[in-house]
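Listed in order, the protein sequences are those of chains A and B.
The first sequence maps to residues 64 to 376 in my numbering.
The second sequence maps to residues 64 to 376 in my numbering.
Just so you know, these hints were derived from the structure itself, not from any lab.
Certain hints may be false.
It does not matter which identical chain is meant; a pair holds if it fits inside one copy or across any two.
The list that follows gives simulated cross-link-like pairs (lysine-lysine, DSBU-like), each with its CA atoms no further than 30 Å apart [to be verified]: (1) LYS314 with LYS329; (2) LYS348 with LYS314; (3) LYS311 with LYS111; (4) LYS348 with LYS109; (5) LYS348 with LYS373; (6) LYS348 with LYS111; (7) LYS169 with LYS314; (8) LYS169 with LYS182; (9) LYS311 with LYS109; (10) LYS370 with LYS238; (11) LYS169 with LYS311; (12) LYS115 with LYS311; (13) LYS316 with LYS115; (14) LYS314 with LYS111.
Quick caveat, the model's predicted, so the values are computed rather than measured.
Number of protein chains: 2
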Amino acid sequence: MIDLTLLGCGGGMPMPNRHLSSLFININGRKILIDSGEGTQVAIRKNKLGFKSIDIILITHAHGDHIVGLPGLLSTIGNSGRTEPLILIGPSGINEVINGLSVLFKYLPYELKVIENPKKLEFVFNKDLIELSSNDRCEFVLNTKELDHSSPCLGYSLYFKRRRKFNLEKALQMKVPKELWSKLQREESVEFNGVTYKSSMVLGDERRGIKLSYVTDTRPIDEIIDLVRESDLFICEGTYGSDEDINKAIKNKHMTFREAASLAYKGRVNELLLTHFSPSINEPKDFIDNAKSIFKNTIIGEDGITKALKFTN
Amino acid sequence: MIDLTLLGCGGGMPMPNRHLSSLFININGRKILIDSGEGTQVAIRKNKLGFKSIDIILITHAHGDHIVGLPGLLSTIGNSGRTEPLILIGPSGINEVINGLSVLFKYLPYELKVIENPKKLEFVFNKDLIELSSNDRCEFVLNTKELDHSSPCLGYSLYFKRRRKFNLEKALQMKVPKELWSKLQREESVEFNGVTYKSSMVLGDERRGIKLSYVTDTRPIDEIIDLVRESDLFICEGTYGSDEDINKAIKNKHMTFREAASLAYKGRVNELLLTHFSPSINEPKDFIDNAKSIFKNTIIGEDGITKALKFTN
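Model the full assembly from the supplied sequences, consistent with the hints where possible.
So this is what it looks like as structure tokens:
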């Protein structure tokens, strides 16, 4: 099960009653954070979510409302006792930005591994760490797309694989030694007494995993439809609620609720969660119909709103 | 009159119910800010204080809890419509830090003038701007002292001069032409018909101004006593309330309430305001007696607490 907390739903600048847009993802105790604007570490504290087990930070882009909180957050993660490496992923230019900001975190007690503008990455969940996959095993796939904003910006989709069921009948039929079953079940191949055993010899069919997408800040471009296709949850910026703000959206390279909903519809996602509201919108829910008329299964983000994503069937 | 707002009273890291230590100073509509940790711009908003007329930012040192909010704040000041230069003052190394952080504010609509580790600066209040004094005129003097912390750190004292009274009798006796009175009253010298007129020819005696001091983060050193001597208000870090935390204070280069109070006593200040409380202190007021037993006129900082400093007599 994947537990999500939308730490904030604001865009542009931090406001007294609305934290900046950021997503906290908890997968069996290991954590992934998307974006860290000013105040994100305060929101993590408010929601009692903890710092030490944040293994990956994804940064969409280097505008202040998405990254200003990073130096303080990295320091606080250091103060929490973390010594394991932390992977930080961002768009083109992220290395230069991190180098600049590093004047504020010269001595972290852990290694910060920065990955700039990757297309696709594969990860495994080890007991105490999410790590880049170094062999066939892959439990979580990250895909990215370059978005259309005023600064290099990445949209992210995260696909969490579901383990295939163990097929006892098949294992017995293939005469796989019992002592290899657990390794094969983790989808690793095993050499044993000169014979190579593959996981397919004990596992049933592939099963659908969980797909989560996060897209902000951008104009609506076709690449987003590919990225988010059939997501269980598509978290998307809706900077402007009113259709009348379309010219502002075009000028500032953002989207209206209606445009975000259109991407959700075309991408055939299961559910759309809107976030990154302009400080000029007091009550985003007033504009929900502009999204729902295009894509019914829309919800409006709020600070601290939680979602649990489960494997289906 | 000088209006002060303590924007936050926390040290170390931003907490959900306590903003980081920062002081907002309003002198007839022109503003000076001391320190900008993560969330300071949110606290400015909460207190409805405005961004556009912040003319000077003093940074005590480049630890995250005093400077992480700076890039967002500078951007927000830019968004507020400011085009006048802004003076930023900090300790040794501040130029390098600002250069690093500038990856987040590449295009400000105003000039940022950074002054590194000054000993003393003199300023004038012009109608729409506080500026460095370029002639005899000086209305506000900034003095600094290097403190004893784990990073280069400056303590600040601000002395706001009081205008001398106009002395009509003297002006008439000295035969100063009437049309020169207002210029001379602003303490500028004037040449007129080949004669040099000095402001002392129309002004009464010097009058005591207002002295405000701000000292954090540091161990208590004798230089602080000189810096803060006879301040109307001495704002000082008291990271630890309990005397039992003296070893932590020594190790982390901070002070206990008692140590701060001792500086206030030795500096013969009028009033002591404690701030920069460790996140481990839930209720700083529980420890006030540790300060009051040394220096009676002590108050404990709170987020948003205000003070008005007036000229006396």
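Going through the hints against the structure:
1. LYS314 with LYS329: within (24 Å within a copy, 59 Å between copies)
2. LYS348 with LYS314: Within one copy, since 24 Å is at most 30 Å while 51 Å is not.
3. LYS311 with LYS111: Only across copies: LYS311 and LYS111 sit 26 Å apart there, 36 Å inside one copy, limit 30 Å.
4. LYS348 with LYS109: Both ways: LYS348 and LYS109 sit 23 Å apart in one copy and 23 Å across, limit 30 Å.
5. LYS348 with LYS373: Classified as within: same-chain Cα gap 26 Å, cross-chain 47 Å, threshold 30 Å.
6. LYS348 with LYS111: Both, since 26 Å and 26 Å are each at most 30 Å.
7. LYS169 with LYS314: between (38 Å within a copy, 20 Å between copies)
8. LYS169 with LYS182: both (29 Å within a copy, 27 Å between copies)
9. LYS311 with LYS109: Between copies only: 27 Å across, 33 Å inside.
10. LYS370 with LYS238: Intra 43 Å, inter 82 Å, cutoff 30 Å: neither.
11. LYS169 with LYS311: between (39 Å within a copy, 22 Å between copies)
12. LYS115 with LYS311: Answer is between: at 23 Å across copies they meet the 30 Å cutoff, but 40 Å inside does not.
13. LYS316 with LYS115: Classified as between; 26 Å across copies, 35 Å inside a copy.
14. LYS314 with LYS111: Only across copies: LYS314 and LYS111 sit 29 Å apart there, 38 Å inside one copy, limit 30 Å.
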